[in-house]
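Knowing the structure of chain A, use the given hints to seat chain B on it.
Number of protein chains: 2
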Amino acid sequence: MINYVYYMAKNKREYREVSMNEAKYAHRRSTVNVQFKDASGKAIADTDIKVKQTGHEFLFGCGAFDFLPATDGKEMFVDRTEKWLDLFNYGTLPFYWGQFEKKEGEPRTELLMKAAKLMREHGAIPKGHPLCWHTECADWLMEYDNKTILSKQLDRINRDVSDFKGVIDIWDVINEVVIMPVYDRYDNAITRICKDLGRVKLVKEVFDAAKAANPDAVLLINDFNLSESYRILIDGCLNAGVPISAIGIQTHQHQGYMGREKLEDILDRYSFFGLPIHFTENTLVSGKIMPPEIVDLNDYQVDEWPSTPEGEERQKKEWREMYEILFAHPLVEAVTGWDFADGAWLKAPSGLIREDGTLKPSYHELKKLIHEEWTTELIVHTDADGKAEINGYRGQYSASGNNISGSFDVKKDKNTDVCILK
Amino acid sequence: MINYVYYMAKNKREYREVSMNEAKYAHRRSTVNVQFKDASGKAIADTDIKVKQTGHEFLFGCGAFDFLPATDGKEMFVDRTEKWLDLFNYGTLPFYWGQFEKKEGEPRTELLMKAAKLMREHGAIPKGHPLCWHTECADWLMEYDNKTILSKQLDRINRDVSDFKGVIDIWDVINEVVIMPVYDRYDNAITRICKDLGRVKLVKEVFDAAKAANPDAVLLINDFNLSESYRILIDGCLNAGVPISAIGIQTHQHQGYMGREKLEDILDRYSFFGLPIHFTENTLVSGKIMPPEIVDLNDYQVDEWPSTPEGEERQKKEWREMYEILFAHPLVEAVTGWDFADGAWLKAPSGLIREDGTLKPSYHELKKLIHEEWTTELIVHTDADGKAEINGYRGQYSASGNNISGSFDVKKDKNTDVCILK
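Keeping their order, the protein sequence lines are chains A and B.
Positions in the first sequence are counted from 1; adding 6 to them yields the working numbering.
Positions in the second sequence are counted from 1; adding 6 to them yields the working numbering.
Take these hints with a grain of salt, some might be off.
[To be verified] Listed next, the in silico DSS-like pairs over lysine-lysine satisfying Cα-Cα at most 27 Å (straight line):
id, chain 1, residue 1, chain 2, residue 2
1, B, Lys201, A, Lys268
2, B, Lys207, A, Lys210
3, B, Lys89, B, Lys374
4, A, Lys217, B, Lys207
Simulated from the structure, these hints should not be mistaken for lab results.
Same shape as in the complex, but just chain A (with noise of 0.2 Å):
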């Protein structure tokens, strides 16, 4: 929570923001120093501005499936995204190769810019998930050599990330390497080649391919295998050059949420690297827990799986305690649930909201962290300059005072701006 301080200093009134959170998320806030001014450029001086942050740094996400038929404007889907904008500023599409390109030749590029742009359009960030994965892969690959596959997979690269990019500018671009060249549930194009290249030959071409197509993407590995094998497996990546810009971490927690002390030795182990760290696809369930001994969670199959009450609950206090471990990370640089809305992978009851569209207790609270507790707003007095220090979680902030306003960012490494108001 936050309180407003008021504090009397000389002849002049000064309202600070002491966070109880200030010292746990420190490296989450900047400092600077701002100079008012009115259209005219003349200085605001004397006067009380009331700040609030309008957007974070912080990548706030969760899957973005529903921007899809959002497009056309079906109106369900158009209720479900505007529910995940008033909490989101980030989120997943699907470009799995077997939807994204079922016949070959032919992409849903155009569908994919409709949602992504439609994302931007309510300052919601997109990412691209996954360029290079063995499940949900193109069947018609297989036809082919495994050095046409390969050909084609950069080809695949190439022409996605060129497509998108100044649109979509973080890629999921390769997902599960630990497991893909010993998957042995189905014949697929990636695993052959994964089998032949070797893990590490396999991610430096994908990522190698990203890179030149767009120099400045965020580009992730990602993996649910978060043993130590993934840990060899990025540090022989990085050893052998290749431009890995974020470390992904999927915790799809269908069998109950791993809790404090596991999260934080996934925290501690994977911080070695030094690199910013996305925990790009995570589950807590509001229903039954899956039974333990389940090991590909896809085999789990059942007719229903209803949220419960009590579900809830546990749901809301997971997801509390998971983000604000996450958030006072401070190489962590997103967090994405996976399903917005109940009853899709595996008919979970894995979303924020209900199939319904009603609210679950999950989302309120989300809601408070994100636009409440972790949200800056305060009122500062300007000085004779019109200008005045502010300290808040970084990110974009509106500025009013005098029935005029404006907007400025709290970044890192900015100590000073100017904001106009008009």
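Below, chain B without anything else, positioned relative to chain A:
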């Protein structure tokens, strides 16, 4: 078993060895056209020559720790090493830093050099084990900061690999890297620097140091963790340019023989790299099997662990099967048993001889395999130019006829040879 088949062909007699194993082990054999001459240089034409293999290209190995006390002529150890030499051509010598240099600056180079040369004098090839390991490490290293520890580790490698060059040209450069940075049984200098550098960087540093000191040496990475983690580690190291010559695989099977299926799975998975594979440390016990719930074998501490008659029969069969599987695999170049005599590591009945020095059934079985079934012995008949074609297991050969004798080699890429009998 080897069968001699007698052919009648035209006017000349020709003996040929036909082994039932010819196809299975064809990759171990080569054909060489040898011209036999007498001391004056005259071809020994139209003559029966008895040809017998005296040495193997394949490395049949065992722990050779007993050669250290044998250098002093200690009777028990002289007896043991004689039995050892009757069986093996390759042995592992201990270079554990904590033993090798108990006090900083006082390495026991002289003792190890004597032991290595003793082996060489009897035609056995020594291997040094290991140059870097978190276990059995020198305690005095922990007094230094991490930068100094690394520097001393590299100096140690440079010193020992240089000192033994020409005597020991095969090294286990680094041991058990998969567990190294997460090893938490006790603090040690190597876990500290592995945590700092990461696995791949440390592996690269130590291999580069060994390679610089002896560019022609065979340099091994070695591990007991045969999961995908080790494959990923090797993959990363090779892509990062680490000069690994051969992959070391440990199989300490105190908890029971792994069996054909698992062994072939290991061979399949580690063949990916196309590098030679050394089975560096192998244990099969001839007594009670260690309970499966033990995770770190060192936790199993018993007062005595007797060898039993049934256990010795089992051990014999398991060794034969394992040797046959490994010898049949084209990438395997070395198989090294661990304890030569019972009662060493963990007091296990893991040897080929008993504590009292008597030979166990597994000793006789390996001798039959190495020195009979996989040893070529035949009679060839030379043509008018003194030439005869010899196909046999690669290695060193003696030849005799007309009461004079000589020697030659059967090698992979040498199709012709001249052998002088005198």
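Quick rundown of the hints versus the structure:
Note on B/Lys201 and A/Lys268: the hinted pairing holds, with a Cα-Cα distance of about 19 Å set against a maximum of 27 Å. Note on B/Lys207 and A/Lys210: the hinted pairing holds, with a Cα-Cα distance of about 18 Å set against a maximum of 27 Å. Proposed proximity of B/Lys89 and B/Lys374 is supported: the alpha carbons are some 14 Å apart, at most 27 Å. Under the criterion of a C-alpha separation no larger than 27 Å, the hint pairing A/Lys217 with B/Lys207 is consistent with the structure, at around 24 Å.
The structure meets every hint from the earlier list without exception.
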